[in-house]
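A.B. asks: Chains as they are written, first to last, in the working numbering: chain S, -1 to 201; chain D, 1057 to 1154.
Be careful, since some hints might not be right.
As the list claims (entries may be wrong) - No farther apart than 30 Å at their CA atoms in a straight line, the calculated lysine-lysine pairs in the DSSO-like style are these:
no. : chain 1 : residue 1 : chain 2 : residue 2
1   : D       : LYS1124   : S       : LYS6
2   : D       : LYS1152   : S       : LYS6
3   : D       : LYS1118   : S       : LYS101
4   : D       : LYS1115   : S       : LYS12
5   : S       : LYS17     : D       : LYS1115
6   : D       : LYS1115   : S       : LYS6
7   : D       : LYS1106   : S       : LYS17
8   : S       : LYS17     : D       : LYS1124
9   : D       : LYS1148   : S       : LYS12
10  : S       : LYS17     : D       : LYS1110
11  : D       : LYS1140   : S       : LYS86
12  : S       : LYS6      : D       : LYS1110
13  : D       : LYS1091   : S       : LYS17
14  : D       : LYS1115   : S       : LYS147
15  : D       : LYS1141   : S       : LYS12
16  : D       : LYS1152   : S       : LYS101
17  : S       : LYS17     : D       : LYS1065
18  : S       : LYS6      : D       : LYS1148
19  : D       : LYS1133   : S       : LYS101
20  : S       : LYS126    : D       : LYS1133
21  : S       : LYS90     : D       : LYS1065
By construction, these hints were calculated from the structure, which means they are not laboratory data.
Residue strings, one per chain:
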Amino acid sequence: MESKDYLKDISEIKDLMNKSSRFISLSGLSGILAGIYALIGAAIAYWLVMEYSQGTLILDGKIYRLVMLDLFLVAALSILTGIFLTTKKAKKHGAKIWDATSKRLVVNFLIPLVVGGLYILIILNQQKYGQTAALMLMFYGLALVNASKYSIGDIRYLGYIQIIIGLICAWFPGYGFWLWILGFGIMHIVYGTWMHFKYDRNQ
Amino acid sequence: MSIINNINKAFDHRIRLGIMSVLMVNEYADFNMLKELLGATDGNLASHTKALEKAAYIKVEKQFIGRKPNTRYSTTKLGRAEFKKHIDALEKLINKQQ
Chain S
-1 MESKDYLKDI SEIKDLMNKS SRFISLSGLS GILAGIYALI GAAIAYWLVM
49 EYSQGTLILD GKIYRLVMLD LFLVAALSIL TGIFLTTKKA KKHGAKIWDA
99 TSKRLVVNFL IPLVVGGLYI LIILNQQKYG QTAALMLMFY GLALVNASKY
149 SIGDIRYLGY IQIIIGLICA WFPGYGFWLW ILGFGIMHIV YGTWMHFKYD
199 RNQ
Chain D
1057 MSIINNINKA FDHRIRLGIM SVLMVNEYAD FNMLKELLGA TDGNLASHTK
1107 ALEKAAYIKV EKQFIGRKPN TRYSTTKLGR AEFKKHIDAL EKLINKQQ
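Can you make the complete structure from the sequences, with help from the hints?
C.D. replies: Printed below as a string of structure tokens:
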């Protein structure tokens, strides 16, 4: 065999390894939009609290429930946008959206995330509120790092950053709101933009 | 000479190389997944997996999912080591000729 054939073999090996183990259709644009939703959601929460609760959140009042609803809407909208844009992108490239690779990605992402979510709900019920933002950031970061094994590598770094911001947030709980904005809002936008230019644009 | 020695005949085919590549990065893969990824026919894939199994480079597990038979493949320790050697040899060969 010529070395050209061997070269082709090697590149085919690489391609197969990527295609079979990693899900590469995640859309960068959905990251940007998730960040924007987070910023809008945070602005609404800020306005609600400032306008109606004189800057302090009463924890079983109406405003608290509205803030929770706001948070829930941000999460739901981000997930729906992610699914929609990723499906669109996968279709464009003729890739399957729901195969063994994407299933593994979702399962491994959800394990730390669901555990974290339940834990946060449990401690909220015990009237421990101070660490909520820190815990959200940390568990989300862990979920990203865990999922990164089954996706392209960059998502791992977003995970590390979220974990670090989460730890800082645990140390300074007073800045929880602003660190939450930094982690979920700004970091998503930075990451999404980076991904968009790195992978989406030149395809 | 030593480079040529490390080129493993058992891997010297597109499909076999493909099977090993997929199994190196996945805990296991089933028949249909391999078929789809490699674009091989049933018979073709079956004969190549059999050859790799005979060399003890891959492990085959047959099981039932519901009522459907399902065949799962995974690499053996020997298979992983031999495949790495093979790839190293290929890379050296290419570098030498360039």
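A.B. asks: Quick one, are LYS90/S and LYS1065/D close enough, alpha carbons at most 30 Å?
C.D. replies: violated (39 Å)
A.B. asks: Taking 30 Å as the top limit, are the C-alpha atoms of LYS1091/D and LYS17/S close enough?
C.D. replies: Cα-Cα ~13 Å, so holds.
A.B. asks: Against the 30 Å threshold, does the CA-CA distance of LYS1148/D and LYS12/S hold or violate the hint?
C.D. replies: Within the cut-off at roughly 17 Å; holds.
A.B. asks: Under the criterion that the straight-line Cα-Cα distance not exceed 30 Å, is the pair LYS1118/D, LYS101/S satisfied?
C.D. replies: holds (22 Å)
A.B. asks: Against the 30 Å threshold, does the CA-CA distance of LYS1141/D and LYS12/S hold or violate the hint?
C.D. replies: holds (16 Å)
A.B. asks: Taken at face value, is the distance from the CA of LYS6/S to the CA of LYS1115/D at most 30 Å?
C.D. replies: The given pair, whose Cα atoms are some 27 Å apart, holds under the 30 Å limit.
A.B. asks: Given the hinted pair LYS1124/D and LYS6/S, is their alpha-carbon gap at most 30 Å?
C.D. replies: violated (37 Å)
A.B. asks: Starting from LYS1140/D, check that the Cα of LYS86/S is at most 30 Å away, please.
C.D. replies: violated (37 Å)
A.B. asks: Is it true that the CA of LYS1152/D sits at most 30 Å from the CA of LYS101/S?
C.D. replies: Roughly 42 Å separates the two Cα atoms, so the pair is violated.
A.B. asks: Does the alpha-carbon distance linking LYS1152/D and LYS6/S stay inside the 30 Å limit?
C.D. replies: Status holds; Cα separation ~16 Å.
A.B. asks: Is it true that the CA of LYS17/S sits at most 30 Å from the CA of LYS1124/D?
C.D. replies: holds (26 Å)
A.B. asks: Is LYS1133/D close enough to LYS101/S, meaning Cα to Cα at most 30 Å?
C.D. replies: holds (27 Å)
Hints 1, 11, 16, 20, 21 from the list above are not met by this structure, while the remaining hints are.
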